[in-house]
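Enquirer: Letter by letter, the chains look like this.
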Amino acid sequence: MSNDSQSKTTHFGYRQVAVEDKADLVGEVFHSVAKKYDLMNDVMSLGTHRIIKRFTVELSALRPGMKVLDLAGGTGDFSLLFSPLVGSQGQVILADINESMLRVGRDRIIDKGKSGNISYTLANAEQLPFTPDTFDCICIAYGLRNVTDKQAALNSMFEMTAPGGRVLILEFSKPVNPLLGKAYDVYSALWPKAGQLITGDGESYQYLVESIRMHPDQETLKQMMLEAGFENCEYHNVMGGICAIHVGHKTTSR
Amino acid sequence: MSAIKPQADSRRFFTVNSLLQSTIYSIIETGLNQALSLDPATRKQIAMLSGKCMSIHCQSPDLLLNVLVCEQYLSLSGNEALQADITITGNASALIKLLLTRNTSSLKHDGIIITGDAGLLTKFQKILQNLDIDWEYQLSKFIGDIPTQFAHDSIHSAGQFAKKTRQNLQDDIDNYLHEEARLFPSATELNDFYESVDALRLRVDRLNSRTLKLQSESAADI
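Protein sequence lines correspond, in order, to chains L and C.
Just so you know, we're using the working numbering here: the first sequence kicks off at 1 and counts up by one.
Just so you know, we're using the working numbering here: the second sequence kicks off at 1 and counts up by one.
No lab work stands behind these hints: they were computed from the structure.
Quick caveat, the model's predicted, so the values are computed rather than measured.
Glycine residues also receive a C-beta, built at the ideal position from the N, C-alpha and C atoms.
Among these hints, one or two may not hold up.
For each label pair, taking beta carbons as the anchor points, the in silico distance ranges come out as [said to hold, decoys possible]:
#: 1; chain 1: L; residue 1: Arg-15; chain 2: C; residue 2: Gln-45; range: 57 to 63 Å
#: 2; chain 1: L; residue 1: Gly-65; chain 2: C; residue 2: Pro-147; range: 28 to 34 Å
#: 3; chain 1: C; residue 1: Gln-160; chain 2: L; residue 2: Tyr-187; range: 57 to 63 Å
#: 4; chain 1: C; residue 1: Thr-30; chain 2: L; residue 2: Gly-65; range: 21 to 27 Å
#: 5; chain 1: L; residue 1: Met-214; chain 2: C; residue 2: Gly-111; range: 42 to 48 Å
#: 6; chain 1: C; residue 1: Thr-30; chain 2: L; residue 2: Ser-119; range: 24 to 30 Å
#: 7; chain 1: L; residue 1: Met-214; chain 2: C; residue 2: Asp-134; range: 51 to 57 Å
#: 8; chain 1: L; residue 1: Tyr-187; chain 2: C; residue 2: Ile-96; range: 39 to 45 Å
#: 9; chain 1: L; residue 1: Arg-103; chain 2: C; residue 2: Gln-83; range: 36 to 42 Å
Sequences are here, hints too, so could you generate the full structure?
Expert: Next up, the structure:
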């Protein structure tokens, strides 16, 4: 499966929609779930998403003074974890395409009193509005799936990564064990119902489940990263491949 | 752009273990930083090491722990990609010993290998040992000043009692062994003994010099 930017339509869950409509449709989904987003994550992942996030942050190899982009950072979980690592000399930029999610994230960070080195940007991952070769680390967690043109997003991320920097992509992926895959299918079928109960919006979670199925598997995503210019790409399967963390490095600019 | 061959990476499928390790590190990190937040002096000392990374590599069991100083925050991780300023390699028991003792002279015997800035290790050790947590102030925030004072007094008097009891016990055992069971000689007896040994040594010395003198005189007569 690859991106469909050439054709006039792209997938939105299992549906085919016009390319220019996808961003708005995804936007609606997140507008609707923004407030209860973290609670739903706990429900869907049985609380394990916290550990997975922590593990991803460990892979970032950040040090004080570095610059990090928390792309599609939404409710700011990652920014809060990055912030103490880069310290007052470093910078964390929380970017999201969705205003509601960014607002929730910003409020949360300010409420925790951690706003010192965190800035906020409303940005589209496909066309990042930064100076090239800026970030020591770009992290996109559970975000790439929702981007219309994934290859364009990877290319843009490559451009913004500083030489010597790295990109981390945490995303739902394909379970390695078929038996686990089946169990996961059954479990994830419950999410729209849980979503209906908690957020009052089952459709958004129906989209979530479908979009996970449509997302490229581990090897495909790795190839896309190599295509974008990243080197030494590797991935770590988490929970038997339900999620995967891809790590790519940029040694020189193209 | 160059396509890079896929790496043969044994860590590719590491899952449960690294998540577990990550969880444990996360818990230790929280505890450590909470302890630090109660000790402003140590926090300032730590901030002077900001940006430094100490990597502890335990060989049995195989574990990697990076301690990265981020201003006044200590971050723990198990990522090999983080470049360390000092790497300490050894087995678990030796590493724990190293952490708890001030003595760094026995490192060689314990099979600990240190590469990088060894001065950093001494600084880390010093900071860890001087960690002086102001728990009274923290406690008083939760239960108020008077109960905290009461708790402090109780703990203090319990401590005094323990100290006194230990001292008494030590004295009693000492008395029993020396005076009652007579397993060991008492201090005065020992002193007497040492004195008589000294006196004997002096007399032997005198005798020796007298013999030498007599010998040299008789040699002169002949």
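Enquirer: Against each hint, give a clear statement of whether it holds in the structure.
Expert: Here's how the hints hold up against the structure:
no. : hint                              : in the structure
1   : Arg-15/L / Gln-45/C: 57 to 63 Å   : 59 Å, holds
2   : Gly-65/L / Pro-147/C: 28 to 34 Å  : 44 Å, violated
3   : Gln-160/C / Tyr-187/L: 57 to 63 Å : 59 Å, holds
4   : Thr-30/C / Gly-65/L: 21 to 27 Å   : 24 Å, holds
5   : Met-214/L / Gly-111/C: 42 to 48 Å : 53 Å, violated
6   : Thr-30/C / Ser-119/L: 24 to 30 Å  : 26 Å, holds
7   : Met-214/L / Asp-134/C: 51 to 57 Å : 55 Å, holds
8   : Tyr-187/L / Ile-96/C: 39 to 45 Å  : 41 Å, holds
9   : Arg-103/L / Gln-83/C: 36 to 42 Å  : 38 Å, holds
Hint compliance for this structure: hints 2, 5 are broken, all remaining hints hold.
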